[in-house]
Amino acid sequence: MTFTIQIENGTEVRNAEADSQRTLYPYVTGTSVVAIKYKDGILMASDMGGSYGSTLRYKNVERMKAIGKHSLLGASGEISDFQEILRYLDELTLNDNMWDDGNSLGPKEVHNYLTRVMYNRRNKFNPLWNTLVLGGVKNGEKYLGMVSMIGVSFEDNHVATGFGNHLARPILRDEWREDLSFEEGVKLLEKCMRVLLYRDRSAINKLQIAKMTEEGVTVSEPYSLKTFWEFKAFTNPTVGAEGSWLYDN
Amino acid sequence: MFRNQYDTDVTTWSPTGRLFQVEYAMEAVKQGSAAIGLRSRSHVVLACVNKAQSELSSHQRKIFKVDDHIGVAIAGLTADGRVLSRYMRSESINHSFTYESPLSVGRLVVRLADKAQVCTQRSWKRPYGVGLLVGGLDESGAHLYYNCPSGNYFEYQAFAIGSRSQAAKTYLERRYESFQESSREDLIKDAIMAIRETLQGETLKSSLCTVSVLGLEEPFHFLDQESIQKVIDTFEKVPEEEEDAGEGEAEPEAAPVAAGTGEQGGSGDQDVAPMEM
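Chains as they are written, first to last, in the working numbering: chain B, 555 to 803; chain S, 535 to 811.
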């Protein structure tokens with residue numbers, strides 16, 4: 555059985571021979587990405603880990619990249635698929651620049667383009683195994699959206715992927731405000747990343763924070779968070795747990 | 535121009551470096567009824583003369599909506615024009631679907647021009663016999679382009695194509711410097727007055743012209759007969775005195791039924807009821 559997959563602007567056609575070239579499971583994966591809108595634009599954070607199953611094999615993986623002048627893309631999931639997506643976007647932004655006509659692709663256009671790509675791949679049972687976070691600022695308007703590997707896409711004031719949805723979003727729902735300053739935004743993101751660091755086994759303590767404003771994108775140098783492991787609950791995790799004999803009286 | 539031995543094929547050059555078939559295609563544009571386009575900073579107006587084959591038939595549609603933010607007026611072989619309008623609509627909607635954002639006019643006209651160029655370089659094709667005035671709005675402002683059968687395109691502040699368009703162009707050349715800052719109403723008025731120039735003597739009535747507008751916060755749409763007539767009434771004198779009689783009323787093509795003395799435009803008296811609008 556042959557599949558013909560047309561990639562975007564029709565310059566490439568790939569033939570997939572039955573199962574040998576379909577994505578079945580991810581191999582090298584990145585964990586959560588967390589992003590918020592703040593006063594001047596978008597802040598996005600992710601760690602630099604690439605897990606090979608349960609092994610934390612790669613510790614210098616950049617999972618956030620600038621796209622064109624106005625957008626920032628962060629990804630969790632299969633790293634090689636993320637690199638493939640970057641290649642598509644490279645072609646897209648290149649063609650956009652070649653027009654040289656004063657128009658440029660904004661974050662909304664990139665987000666919708668990615669949604670189409672992800673959804674079409676899902677329909678062919680050959681998904682790009684990623685959850686993508688797309689943020690950007692254009693003409694003063696802030697944009698933050700997400701696309702999953704099955705093509706589900708939406709926009710919001712704060713988004714997260716993977717474990718971030720369960721651990722970071724509740725914090726953001728309580729503490730996010732429209733007019734966060736840069737410092738407040740970073741503190742909020744660090745709070746989320748710290749929780750993820752404690753509780754997500756595929757997180758590593760080496761993260762980057764990216765800032766996206768009207769002026770452009772900056773991705774910070776990698777740094778690590780201070781952690782505290784002497785919480786009583788950490789030293790004696792089973793105290794007071796259901797079925798345990800230990801009690802804290 | 536006269537027949538010569540280099541004009542049979544579009545793929546044959548003349549010794550002086552001309553492609554006669556392409557030039558003949560541009561002649562077809564000159565034979566079509568007039569179409570006019572003007573733009574200001576925020577609006578684009580497209581207007582055309584309604585020409586009908588005979589008194590019995592309705593007039594041909596020459597202005598098409600491509601998208602909420604783009605419209606096109608054609609002159610020449612209207613069948614070719616319809617096909618190209620369909621292409622433009624298709625490109626526009628595909629772009630909107632993929633990027634959820636309106637296609638910028640400049641990129642659309644380049645695709646159109648490239649499509650026309652292909653027909654000037656294939657021996658089994660012929661050039662499109664239609665000129666297109668593409669007007670639209672995108673993030674870099676309001677634009678008006680003219681696409682010709684040769685595959686060239688040009689951007690204009692105002693332009694007219696088709697038969698007797700020179701008269702309209704002369705009028706527009708006198709006034710174009712004010713268009714950029716014109717209000718919407720003035721722009722429409724100028725368009726209708728330019729149409730009047732191409733009629734050269736015929737009384738201007740709202741049934742004779744089609745006018746469309748698009749602008750910021752205003753998606754492409756046609757003006758109804760009443761609105762057009764209102765604008766005409768502001769500058770056209772009372773119909774009984776034929777001010778611009780000059781050339782004489784006799785028109786070679788389908789002339790309005792009534793005898794020379796003017797009839798009240800507007801209510802009731804339409805001899806040829808247009809099918810659309």
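Check each hint, because a few of them may be wrong.
[Unchecked claim] Partner residues are not named here, just some residues of chain B that face chain S (Cβ under 8 Å, in silico):
(1) Asp654
(2) Asn657
(3) Lys662
(4) Asn666
(5) Glu729
(6) Trp730
[Said to hold, decoys possible] List time: in silico DSS-like cross-link candidates among lysine-lysine, alpha-carbon distance up to 30 Å:
(7) B:Lys760 / B:Lys623
(8) S:Lys649 / B:Lys662
(9) B:Lys692 / S:Lys599
No lab work stands behind these hints, which were simulated from the structure alone. For glycine and all other residues, C-beta sits at the position ideal for the given N, C-alpha and C.
Results of checking the hints against the structure:
Interface hint at aspartate 654 of chain B: violated, since its Cβ lies 10 Å from the closest Cβ of chain S, which is beyond the 8 Å cut-off. The restraint placing asparagine 657 of chain B at the interface with chain S holds, with a minimum CB-CB distance near 5 Å, inside the 8 Å limit. Because the smallest distance between the Cβ of lysine 662 of chain B and any Cβ of chain S comes to about 6 Å, under 8 Å, the interface hint for this residue holds. Nearest Cβ of chain S to the Cβ of asparagine 666 of chain B: about 4 Å, under the 8 Å cut. The hint holds.
For glutamate 729 of chain B, the shortest C-beta to C-beta distance to chain S is roughly 31 Å, which exceeds 8 Å, and the interface hint is violated. Because the beta carbon of tryptophan 730 of chain B sits about 25 Å from the nearest beta carbon in chain S, more than 8 Å, this interface hint is broken. This hinted pair checks out: lysine 760 of chain B and lysine 623 of chain B have alpha carbons roughly 26 Å apart, not beyond 30 Å. Taken as a hint, the lysine 649 of chain S and lysine 662 of chain B pair is honoured in the structure, with Cα atoms around 29 Å apart against an allowance of 30 Å.
For the hint linking lysine 692 of chain B to lysine 599 of chain S, the alpha-carbon distance of about 28 Å falls within 30 Å, and the restraint holds.
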